[in-house]
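J.: Throw the hints in and build the complete structure from the sequences for me.
Residues are numbered in the numbering used here as their position in the sequence shown, beginning at 1, plus a constant of 1087.
By construction, these hints were calculated from the structure, which means they are not laboratory data. Computed from a prediction, not measured in an experiment: that's the story for all the values here.
Below, simulated BS3-like cross-link-like pairs (lysine-lysine); rule was C-alpha separation at most 30 Å, straight line:
#1 Lys1388 to Lys1398
#2 Lys1131 to Lys1266
#3 Lys1266 to Lys1277
#4 Lys1131 to Lys1269
#5 Lys1269 to Lys1123
#6 Lys1131 to Lys1141
#7 Lys1481 to Lys1277
#8 Lys1269 to Lys1118
#9 Lys1487 to Lys1269
#10 Lys1349 to Lys1123
#11 Lys1391 to Lys1404
#12 Lys1126 to Lys1349
#13 Lys1353 to Lys1123
Beta-carbon label-pair distances, calculated as ranges:
#14 Glu1444 to Val1299: 18 to 28 Å
#15 Val1495 to Lys1118: 39 to 49 Å
#16 Lys1350 to Ser1386: 14 to 24 Å
Heads up, the beta-carbon is just placed ideally off N, CA and C, and yes, glycines get one too.
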Amino acid sequence: MRFWLLALLPLVLAFQVWALAARDDFPTPDKDPFYKPPKGWESKPLGTILRSRKIEPKGLFDLKVKEAWQILYRTSYVTEDQPTTTVTTVLVPFNAADDKLLTFGYFEDANGPQCAPSNGFRNGISDDAASLANLALLLPYLQAGYIVTVPDKEGDIGAFGSGRVEGQQTLDGIRATLKFDKLGLSKNTKVAAWGYSGGAIQIGWAASLKPVYAPELPMVGWYYGGTPASIRSLVSKLNESLFSGFLISGVTGIMDTYPELKKYIKEKSTQEALDAFDFARSHCSSDVNLRYMFQNFNSDKYSKVGGQYLKAPVVEKIMDELEMGSRSEETPTEPVMMSHGKSDEIAPFKSAYQAYENWCSNGANIHFTKYTNLLAAHLVTAITDITSSFSFIKDRLDGKPAQSYCSVTERDDIILDTDALGQEFKHVLEIIAGVLSDKVGPGDKILQDHLKNGN
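T.: See the structure below:
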């Protein structure tokens, strides 16, 4: 059966009302002692487990996986000599495979500590639209029986948009998860990664940095879609748009990562801009985007030098550094699937395709799907691509060989084929039913009973 994705979007948004019922009152990461590392942590190797705890994960109601853990681990900021720590949340479904691990790129797209996925899984999902979409997109992998690890890839400073930090903290999260003996993972475990939108910043950079930062990891495939591959093109695309709030969050995350940039931005910003950065540091994406729609950050309301700040050497240097595909040594060495709508209103298509071409010229193995339909907007493409991205990840984890060259497919169809994954994944309602407190894992009959009974 097939049906229009656009008709589902109001239903997804309606979940926000239900989400409020699931909130708990655990402390947020900035106030939770679990996130504070023990003495001597700075000298530990990257990916070292510093502490762990078992949690009862929350979804819209209860997310009934078999068990869930949170792991505090050693990682780094921009360079390895800048030590820091962060947390990954590991979800273990019923009947989980012991040799397959999926790293999920959570599009947090925000700076507030309460927006971190680890907080959402423990405290209960918020009414933030990003949290709801992430949970829905994650569920098929749990239903397939994959252990899923979800790193807080922005660390303790909310480094949204700082791709190198996000990539490194993700790779160290994989290291920590593989070392965590309570999961019972096999020594032959294969690892794949999935990310869309802000999650594609994370996973795209992890794929790029893996050869130079974590070459030992047993990765078998990467998926990233709607990829914001260039900060420079994002600034041009989003300024004065409906989604201009993403710029406030992104600039805040990047400047808080690079001290030299922070100094310059603070000198050239008005008080209005400084207040906006502070607002971003304490709020999640929905609040920031609602507050800062259609803003011109090159105007004298926000900038003392207009758009000239973009030409400053320190800004140019960091934008160059955060350009995916710009360094040959940072080329993914495992099979990659990318997808992007040509009408994407948030992440520029041309930049993602340029990164694809650059990586391919350096020997990468990437299949790129172009969605050519004018309705192939950012969120629509994320949902359209559920089945093809899942199949790609499943094939890699099953050990099936991938193509050994780069290729491009054009698709005009933005209708989701709900038969593509078989009975267990037949209907988007299965995802919704999974969210509404079903046990998640292969062979689960509760899900089928819900569908059969229509509730």
